Every structure is written in C-alpha cells, then in structure tokens.
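Q: Chains as they are written, first to last, in my numbering: chain A, 35 to 299; chain B, 219 to 417.
Simulated from the structure, these hints should not be mistaken for lab results.
Please read these numbers as outputs of a predicted model, since none were measured by experiment.
C-beta: ideal position from N, C-alpha, C; glycine also.
All the given hints hold, so there is nothing to weed out.
Calculated cross-link-like contacts (lysine to aspartate or glutamate; reagent style DMTMM-like; alpha-carbon spacing at most 25 Å):
| # | chain 1 | residue 1 | chain 2 | residue 2 |
| --- | --- | --- | --- | --- |
| 1 | A | K80 | B | E360 |
| 2 | B | K282 | B | D247 |
| 3 | A | K80 | B | E372 |
| 4 | B | K236 | A | D96 |
| 5 | A | K97 | B | D247 |
| 6 | B | K377 | A | D41 |
| 7 | B | K313 | B | E273 |
For each label pair, taking beta carbons as the anchor points, the in silico distance ranges come out as:
| # | chain 1 | residue 1 | chain 2 | residue 2 | range |
| --- | --- | --- | --- | --- | --- |
| 8 | B | L281 | A | I123 | 31 to 41 Å |
| 9 | A | Y115 | B | E349 | 50 to 60 Å |
| 10 | A | Q122 | B | Y356 | 48 to 58 Å |
| 11 | B | S225 | A | Q50 | 36 to 46 Å |
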Amino acid sequence: MDKDIFDIIDQKEFGQLNSNELKEISDFCSSESEFNAIKNTISGAKMTGNGPKLTTRNSTKDKLDVAFANQYANNRKYVSYYWKPMAQIASVLLVVLAGWYFFNENKVTDKVQMASESNVQPKENIIESNKLNHQDHTHEVTSNVTSTHEKTAVKVTQNRSKSTVPITTHSPEVASKKQATNDNSVLTYSTIQPAIIEVEEVSEMIDTKVSKKQQEQTFKSFSTPALSVNDIAVDPSKKPAKAHQTYIAPISKQQNVLQYLSLKY
Amino acid sequence: MSWFQKSYEQYTDEQLMKKLASGNQLAFDELYARYANVLLNYFHRMLWKDREKAEDFVHDLFLKIIQNPNSFDTSRTFKTWIYSVANNMCKNEYKKQQVRAGSNLPLHEYTTVEGKETDALIKTHFSFFNEAFNKQLYDLDEKHREVFIMRHLEGLSIKEISSILGVNEGTIKSRIFYAVKQLSNGLTAFNLKNKTNHG
Numbered sequence: 035m036d037k038d039i040f041d042i043i044d045q046k047e048f049g050q051l052n053s054n055e056l057k058e059i060s061d062f063c064s065s066e067s068e069f070n071a072i073k074n075t076i077s078g079a080k081m082t083g084n085g086p087k088l089t090t091r092n093s094t095k096d097k098l099d100v101a102f103a104n105q106y107a108n109n110r111k112y113v114s115y116y117w118k119p120m121a122q123i124a125s126v127l128l129v130v131l132a133g134w135y136f137f138n139e140n141k142v143t144d145k146v147q148m149a150s151e152s153n154v155q156p157k158e159n160i161i162e163s164n165k166l167n168h169q170d171h172t173h174e175v176t177s178n179v180t181s182t183h184e185k186t187a188v189k190v191t192q193n194r195s196k197s198t199v200p201i202t203t204h205s206p207e208v209a210s211k212k213q214a215t216n217d218n219s220v221l222t223y224s225t226i227q228p229a230i231i232e233v234e235e236v237s238e239m240i241d242t243k244v245s246k247k248q249q250e251q252t253f254k255s256f257s258t259p260a261l262s263v264n265d266i267a268v269d270p271s272k273k274p275a276k277a278h279q280t281y282i283a284p285i286s287k288q289q290n291v292l293q294y295l296s297l298k299y
Numbered sequence: 219m220s221w222f223q224k225s226y227e228q229y230t231d232e233q234l235m236k237k238l239a240s241g242n243q244l245a246f247d248e249l250y251a252r253y254a255n256v257l258l259n260y261f262h263r264m265l266w267k268d269r270e271k272a273e274d275f276v277h278d279l280f281l282k283i284i285q286n287p288n289s290f291d292t293s294r295t296f297k298t299w300i301y302s303v304a305n306n307m308c309k310n311e312y313k314k315q316q317v318r319a320g321s322n323l324p325l326h327e328y329t330t331v332e333g334k335e336t337d338a339l340i341k342t343h344f345s346f347f348n349e350a351f352n353k354q355l356y357d358l359d360e361k362h363r364e365v366f367i368m369r370h371l372e373g374l375s376i377k378e379i380s381s382i383l384g385v386n387e388g389t390i391k392s393r394i395f396y397a398v399k400q401l402s403n404g405l406t407a408f409n410l411k412n413k414t415n416h417g
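For reference, chain A alone in the conformation it holds in the complex:
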C-alpha cells in the first residue's frame, strides 16, 4: 500500500516533516500540538485495530455450504476422475508396470526360442536342404531311383495302415536321397506336413536312357482303382511345361499308386 499523509503523521515527528509534507497537512493541522493530538489518535486507533480478532463460527460456514450445494446442485462441475491426481499417478504406474512386464515377457520368449532353435532344426531347413540336394543330383538319378521309390512307397503304405495320422512325403528323388544318406527315412515321411503328398514328375528328370518300364511307373490319376500299368501311366499331352514342377496330389491319386504297387509286389 502506498504511504499517504496518515502514515507520515504516524511515523514521523513534527520536526521531521519536510516542506512538502508540512504543506500537505497545513490544511488540517496548523500547530505542533494539534499535530501531536492527531498523531496520538491515529496510534490509538492502530492499536485498537491490531487487537484481538474475531473468527467466524463453523455453523456459519456449514449453513453456507448447504446453501451452496442447493444452489449449484444441478450445474455443479464434477472433476473427471482422470484429472484427479491419484488417478493420474495410478495410470502412470500402470503404464510403467505394463511396459516392464511386456519387455520381460519378450526376454523370456527370446530365451526359449533360442534354446529350441539350438536343439531342433526347423522343418523348413530340412526341406530346403533336401530340395537343394535334389537339384544337385538330378542328373545322377538312375534306374534304381524307381525301385527305391517303389520300396519307399510301400513303407509309407504300411505306416498309413498303422496310423490314422495323415502322411506327407517328398518326391521320390528326395526320398531316395534321404534314404541314401539316412537310414531313418521312413520316420522322416511320417513327420512332415500332414494331408499333403508331393509327387514330383520324374519323367523330366529321367534322361533318354530310362527304360520303358520305368516310364510305365510314372503316375496317372484314375477315379477307379488302378489294375494295370496303363492305368497309372502319365499322359504326355498333360505333361507340365516346366521341369521339376511340384504339385499337391490328392489322397485318392496316391492311393491308386499305392494300390497298384501293392498288387504288383
């Protein structure tokens, strides 16, 4: 608060007043005794004003609170829960905990995955390696390929008769190669993708020296059970344009082949 003339009178003696202050009070007090009388009155009022203060009763505030609640019962603005500090703190903690849990979960999953990868070689890798091997040794395939294939197919038939689980196999070449390198070739058949049998056209792979007998052993699908070599012979007009083209044969076709082979041998 800016000092006014009354503050100056309260704080200074008459002799301490400067010319401006004397000029200002000259209209109200002309002598020193009058100045001192005013000064004493102001000091006394100040002491009275600084005396004990009254405080309002709680009942007054309670009545006003009730009145306020009644007045603003309809349009009172409630603070949304997400603006309340405790809710905000809880939200932050929740986000931190969720983040911590998420990263920890990823670490555990990575460890498990790494452990499993180190122990088991994925199926895709096996198949890819088999295909690569097949491509490398295509030209080395000879007449014993067919006989090996036939033997392997018989084993597959035996496996299927023992178990209701669908069987997946590779092309005869892959199977023969696998058999050549690994004695557990039959086990490999039963563990590869179910309900799909891959039959690869072998006619393209066999060179001109391949005998007619071997050509007869190429497959042809029939709606009725195959009883002779002609039933399973490949139609040259339907021969695929691309060599090594792989297609998925239905189970019925495979059954025809297996039936033929089982009858023959």
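Fit chain B to the known structure of chain A by using the hints.
A: Relative to the frame of chain A, chain B by itself:
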C-alpha cells in the same frame, strides 16, 4: 498435489469469483477463508460491537454471493466490491435502527484488548482509552465513521476507500481528517504515547 493443478491459494479473488459462478465449491471455500474473518471484524466494528449481528451479516453477505455471483462488478476489484456491499448492508442496518429506536444506538460492551504490555497500569490505561475511543467513534456521524474505520481499523488505502464509496480521494482524505480531529478532541485526557513510552 500442486504438481498437477494450480493451488486455489494462487488464484486472485476475481478468478475465484469466476470459478464460484460456475459452481466450484473449492473457489467458494477459498474466498470464504480470505474474507470471512475480515468482514466479521468489520461488521463487528460497524454494528456496535454486536457479535451475533456481525456473524449474521457475514452469512447474509456470502449468501448473496452464492445466490447471485454475477452481481460482482468485474470492473472493480473484488476487495473493494465486497467492502462496498458490506458497507451498504451496514447503512441499511443504521436506517433500520434509526426507525426502531431513534438515533441513540446502544453501545455493547467493548472487547478487552490484551496488548503485549505486561504493565497492569498500561493495560488499564489502554482499556480506558479503548472504551473512550469506541464511544467517540460511535458518536461520529456515519460518513466520517465509515471512512475512519476503513482507513485506520481495516487498513484500506484512500484509493480503495474512494473506490468502495464512489467518492473522490480528496473528499475521503478530508473526511478522515475531520474524524481524526473529532476523536482527538474527545480523547485529550489520554496521552497514550507518553504512557507507553513511560512504561
């Protein structure tokens, strides 16, 4: 909790009034905390030291604010506005009392002022002075009494009083000087300063 939200103590009176008008209870609580006791003492001085009446007037004043917050004149500061409302309430009460019992208003017993002085003589002297002072104060006419109370007991500046009463500052200053002179004439028997210095 000040991390998230500004404390209500940091708001100005005018900002709190805006919040109160929208139904914010906390704003009302803060305004009440700031002005309830100040106004109680003001009413107590203006209304013949009647504690019950002063309490009722505080209640009525805040009730007016609750019921009609838009009556606040935003061109003025809240402090001067609320004092002007309080002063008008006192004037109305004076008129009521004049109608009922004439101009001779009863003076209720004065509160005993307990100063820091331990000297019983000074305390007794001040008690007498206080009694005489209050008597002289209530003998003043209304317009001189109100400006004196506002300036010397409530601690308001001349500018604020001018705004409250809607009277120019020169007139306020003149009225205060007149009130002081009248009081000093009635208190010539007391030389408070000399007594306290002596003690």
